[in-house]
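Student: Residue strings, one per chain:
Protein chains: 2
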Amino acid sequence: MESLLGYDRSVTYHHGDLRRTLLAQTASAIAEDGVAKLSMRALAKRAGVSNAAPTYHFGDKAGLLTALAAEGFDLLAEAMSGFGDGGGAHSVGDRRDGAADAGGDEHGLVARGVAYVEFALACPSHFTVMFQPRLLREDDADLAAARQRAGAALSVSVAETRSGPDADFGVAAWSLVHGYATLVLSGAVEPEDALKQARAVAAHLVADGGGTV
Amino acid sequence: MESLLGYDRSVTYHHGDLRRTLLAQTASAIAEDGVAKLSMRALAKRAGVSNAAPTYHFGDKAGLLTALAAEGFDLLAEAMSGFGDGGGAHSVGDRRDGAADAGGDEHGLVARGVAYVEFALACPSHFTVMFQPRLLREDDADLAAARQRAGAALSVSVAETRSGPDADFGVAAWSLVHGYATLVLSGAVEPEDALKQARAVAAHLVADGGGTV
DNA sequence: CGAGCAAACTTTCCATTGAAAAGATCTTTT
DNA sequence: AAAAGATCTTTTCAATGGAAAGTTTGCTCG
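Protein chains in written order, with the numbering used here: chain A, 24 to 236; chain V, 24 to 236.
Treat the hints with care, since some could be wrong.
Identical chains blur together in the list; that is why a pair holds if it fits in one copy or across any two.
To be verified - Here are the simulated lysine to aspartate or glutamate pairs, EDC-like style, with alpha carbons at most 20 Å apart:
id, residue 1, residue 2
1, Lys84, Asp56
2, Lys84, Asp40
3, Lys60, Asp83
4, Lys60, Asp162
5, Lys68, Asp165
6, Lys219, Asp165
Calculated from the structure, these hints are not laboratory results.
Predicted, not measured: the structure shown is a model, and the values here were computed from it.
The whole structure should be built from the sequences, with the hints applied where relevant.
Tutor: Encoded structure:
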């Protein structure tokens with residue numbers, strides 16, 4: 024029977040973890056071929072379930088990508104937290120290569136900027152989807168909540184450096200790291216050593232002492 | 024006859040300008056619903072031709088988007104040229120709102136950064152596609168050529184400001200304007216007055232006098 | 001313990017899509 | 001005028017997203 028179906032019903036039925044599995048498979052599928060070529064059916068095959076299983080869990084393709092984006096914003100919020108206040112730097116994902124996080128006493132804002140880039144490069148699928156609202160259900164509550172958490176983490180990063188509410192500087196800092204991450208991911212900038220370069224790039228901004236335009 | 028076909032054959036057959044028309048319709052379709060929802064068939068209807076007409080001109084969907092991206096890189100190169108050497112500022116597209124280009128004696132690099140953002144906001148469909156290589160035919164010769172022209176224009180902009188070959192600074196400047204444009208286009212940053220803010224943002228970087236990390 | 005009930009997943013079906021193949025029409029060249 | 005080539009159409013097919021209805025599983029309540 025199972026050889027005909029292509030999957031073992033006793034295992035897949037009430038998988039228990041299918042939602043998480045689908046999200047993970049989605050991320051790796053996007054990382055391989057891009058979000059444009061993501062197919063719900065191929066995803067289902069990849070996870071060893073039937074065509075309609077992903078649709079059941081996420082409603083439709085936009086729902087799937089929305090869930091991925093929400094997960095991404097939470098990962099980003101996590102990656103940006105725990106720098107200054109003794110929490111110790113959390114590296115994205117499982118890797119702990121030391122070198123990237125070792126420079127402990129570099130400028131706090133630079134460290135967080137590097138963390139932003141580090142996240143984008145470690146989770147390219149999440150990052151890509153997070154900033155393509157056309158692909159998402161913008162009215163999704165979970166997405167809004169996760170986005171707000173990430174936004175708060177970003178604001179804190181800037182506020183720690185600049186006491187006054189200098190909105191322009193915050194936007195500039197965000198633009199810098201976001202742009203660098205985007206350019207590297209799109210292949211426009213060759214990343215010999217992306218994180219080292221990111222640190223140098225970020226330092227250009229922080230080196231600006233004044234800030235009044 | 025024509026009422027049955029849905030188009031006037033005497034007009035559409037050997038349209039003479041169909042390729043350009045299709046590119047323009049593609050740009051506006053993407054601007055409306057995003058590139059993910061772009062349909063070759065809907066595009067054909069929009070242009071008043073049959074299903075296969077777009078495929079004939081561009082090979083396939085990737086070919087269409089590649090042509091759009093190449094056009095975008097040429098528009099960008101044009102937008103970035105003609106600042107310092109007396110050419111006068113060329114505004115993107117047809118609009119000439121004066122205010123955006125009027126501040127003649129602001130820092131040259133800032134002016135070019137603003138031009139970059141101005142282009143991205145004026146041609147969002149081109150800009151979006153230009154930096155999504157997964158959607159394109161990367162081996163396309165026209166794309167490579169146009170991209171190189173734009174790259175050269177960008178390099179000149181930076182080189183005019185910094186004499187020495189400070190690669191990091193160039194990447195930082197590009198990242199800043201590219202990131203700001205991307206964030207505005209994705210809706211992540213609210214553009215009260217996007218260009219004014221862009222100028223302020225860019226000034227943060229230029230205000231950095233030294234540059235050595 | 002078993003009957004119902006909701007959750008999780010499957011099967012089937014349909015409209016739309018991208019692309020290939022082959023045909024029709026117009027323009028240009030010779 | 002005849003041939004050749006460019007431009008556009010018609011037809012066709014496999015793949016896709018999604019809707020609808022059916023089936024299996026686990027849980028709850030009597």
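Student: Would you list, in rising numerical order, the hints stated earlier that this structure does not obey?
Tutor: Hint check: 5 and 6 fail, others pass.
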